[in-house]
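So you can see what is in the structure, the chains are spelled out below.
Number of protein chains: 2
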Amino acid sequence: MKILVLGGDGYLGWPTALYLSKRGYRVAVVDNFLRRHYDDEMGVNSLVPIEKLSRRISTWEMVTGLKINSYVGDLTDNSFIYETIKDFMPDTIVHFAEQRSAPYSMIDRDHAVHTQVNNVVGTLNLLYAIAELNPNIHLVKLGTMGEYGTPNIDIEEGYITIEHNGRKDVMPYPKQPGSFYHLSKVHDSHNILFACRIWGLKATDLNQGVVYGQETDETVLHPDLATRFDYDAVFGTVLNRFCVQAAVGVPLTVYGSGNQTRGMLNIRDTLACIELAILNPAESGEMRVYNQFTESFSINQIAELVKECSDDNVEITKIDDPRVEAQEHYYNAKHTKLMDLGLLPHYLSKDIVKNIINSAIKYADRVDHLAINPTVGWRNTKSQLITANPAKN
Amino acid sequence: MKILVLGGDGYLGWPTALYLSKRGYRVAVVDNFLRRHYDDEMGVNSLVPIEKLSRRISTWEMVTGLKINSYVGDLTDNSFIYETIKDFMPDTIVHFAEQRSAPYSMIDRDHAVHTQVNNVVGTLNLLYAIAELNPNIHLVKLGTMGEYGTPNIDIEEGYITIEHNGRKDVMPYPKQPGSFYHLSKVHDSHNILFACRIWGLKATDLNQGVVYGQETDETVLHPDLATRFDYDAVFGTVLNRFCVQAAVGVPLTVYGSGNQTRGMLNIRDTLACIELAILNPAESGEMRVYNQFTESFSINQIAELVKECSDDNVEITKIDDPRVEAQEHYYNAKHTKLMDLGLLPHYLSKDIVKNIINSAIKYADRVDHLAINPTVGWRNTKSQLITANPAKN
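Note that the protein sequences, when read in sequence, are chains L and E.
Quick note on the numbering used here: the first sequence kicks off at 70 and runs consecutively.
Quick note on the numbering used here: the second sequence kicks off at 70 and runs consecutively.
Hints may be right or wrong, so weigh each one.
Unchecked claim - 20 Å max Cα-Cα, derived EDC-like pairs, lysine to aspartate or glutamate:
#	chain 1	residue 1	chain 2	residue 2
1	L	Lys423	L	Asp286
2	L	Lys451	L	Glu110
3	L	Lys451	L	Asp434
4	L	Lys237	E	Asp223
5	E	Lys423	E	Asp286
6	L	Lys451	E	Glu201
7	E	Lys406	E	Glu355
8	E	Lys403	L	Glu397
9	L	Lys237	E	Glu232
10	E	Lys155	E	Asp143
11	L	Lys237	E	Asp238
12	E	Lys237	L	Glu397
13	E	Lys451	L	Glu152
Calculated directly from the structure, the hints in this document are not laboratory data.
Only a predicted model underlies this, so the values are computations on that prediction, with no experimental measurement involved.
Between the sequences and the hints, there should be enough to build the whole structure, so can you do that?
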């Protein structure tokens, strides 16, 4: 089976490409290096040094004998994505190729517009390309648990049966996303559902939780194969960021009450979930939705866990929440469908946290302390970029 | 009160501007003439000749002594909308300035992308401009009943109380739109709701039904003040199109079973609803949703009514439905909120239909028969444009 990984140079796209390559699939990656450009724009770097895509791919071949093809270009350029699909003729397309930071989308108007146009137009082009070139291609699209927000009822996987005034229907689960980035994913979901309905496309929308971890069985085979490790306030996710703060001995910064609860998962489970989706494709005309996370934690729970795993007695500090989000809320999100397909989760443990902290300690001299503090506020329409000194590349 | 009407040169924007001007508001219109450009692209024209915006405005002043300001530019150009708001300093912004045809959005990839980028980016720019320049501006945004699709439960006005597994929440009503155009409106609604939540903006989202009619008390004051009358398969709405078919003695073309049911309203009620929304603004932080229609009809009911009102014994023909939509469905959409504010509907009557048919008869020699038949199919990813000979302008 041939699998095209869009955004295959990114934090999750690259380890996914390696994982699938190792498992015997023929893999090609697509990237326009926009994620690396955002680093330049923000003046930050991945904590763990990463190699250029070409070097990553040649090292992978050297280490494993396996080939990964690459296509460099932008999904918003429709001729590029058409030509790429015609050339590689994938059976499955895994789509990570979106601007994926909520704070980045909230910097100002330009960044909000960029995020929505980049994500929505890229996905629209992809839908048309699949419909026109090969509607049998299974689209595995990365969404986010953040599409749902924090409703006061159970969160179902994509659809909900609503009984109302004596009648009943299964309807798309109402979405209450919390940033222009999360909104772009909601827009995508609606567009994909429609494309499946009118053209009979096959899609799986993976509403992923917050991913933690930086190492996979494949990335550890050679330093050149490392994936990104973001700890900055714009692209760093919460557990990774706390581990870096612990590694350099600065307080863990909890936004607001810390009672905000989110679904989370290990980076290794991301890879397994994607393969499970690939092995069990959606039907023609179906947009299947899986909630892709394994456990829910409050931010306070994560902070306490990281504190316990830290050798130094690191502090936990509460700072004003730069986001507009419920500080206290109900949270019960279903996530049984991937388990039913056979997912064996790597649950969060002290060993895992210690391992992430140790990864961070190795590169502690690369940490830019100024990059950790949030500069982007949801209540402002114009926020400052991070303008600290980046670590040397 | 100062009111800025975005899309003020269009089918509804122009009569809205006149109506509000006549009612004593200080009115300015914004337009980029994209709607006139679409006519050029499609090779069609408004059945009723329309004057240039500058002529319309000068005639309005000549007839009534009332001034309407105009700003020519594009909402996707953010500096334009910022400068316009700074210059006019409106209290209310009525936003019609979107690509509003479902078939146009379904022509091909280019038209789908254009529709979503034009509508979503224009509205995003507007939200940022309001937030930065004056969050007290009340945004009155035109949405569409087509955002809801045809669920098997009652359609509520924007929000629904969902009881699920023993808990309850009021949530955004799940949307199942039926074209890339309708999807763009759903994207807008989500973006607006979020902007209200984080910045405390005031918005009213008017989910409008299918509008019929071409004359208002103001447009009939002088031929230069006429608004558009679209009957072509791309921009013509169903009742207007049937009236033109009756006027020229060709069969009324019903798509599919004709049992598709939709909410409809008289153009005069559009104007009244907009004034009611303006007079009763949303609260800070609130995105209020009103379903703006007065009656529901099946397409067959509309066809039968037009047939009865036609002097010639016009036929009704069923043709393959170019759209992907439910042919038989439940439809019970609530629309009490505007009635509660005092709307006195102009219900559809034979007199009204006969009046529309008579308008069409006056300009029967301008009808381009080839433009009436649908050329855009939902199941295709590439449809032909209308390439008929346009009526002389």
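Hints, verified against the model:
1. Lys423/L to Asp286/L: holds, 17 Å
2. Lys451/L to Glu110/L: holds, 16 Å
3. Lys451/L to Asp434/L: violated, 31 Å
4. Lys237/L to Asp223/E: Holds, because 9 Å separates the two Cα atoms, which is no more than 20 Å.
5. Lys423/E to Asp286/E: Since the Cα atoms of Lys423/E and Asp286/E sit roughly 17 Å apart, the hinted pair holds (cutoff 20 Å).
6. Lys451/L to Glu201/E: holds, 9 Å
7. Lys406/E to Glu355/E: holds, 15 Å
8. Lys403/E to Glu397/L: Roughly 33 Å separates the two Cα atoms, so the pair is violated.
9. Lys237/L to Glu232/E: holds, 12 Å
10. Lys155/E to Asp143/E: holds, 16 Å
11. Lys237/L to Asp238/E: holds, 17 Å
12. Lys237/E to Glu397/L: Judged against 20 Å, a Cα distance of about 16 Å means the pair holds.
13. Lys451/E to Glu152/L: The hint holds at about 18 Å.
Comparing the model with each numbered hint stated earlier shows that hints 3, 8 do not hold.
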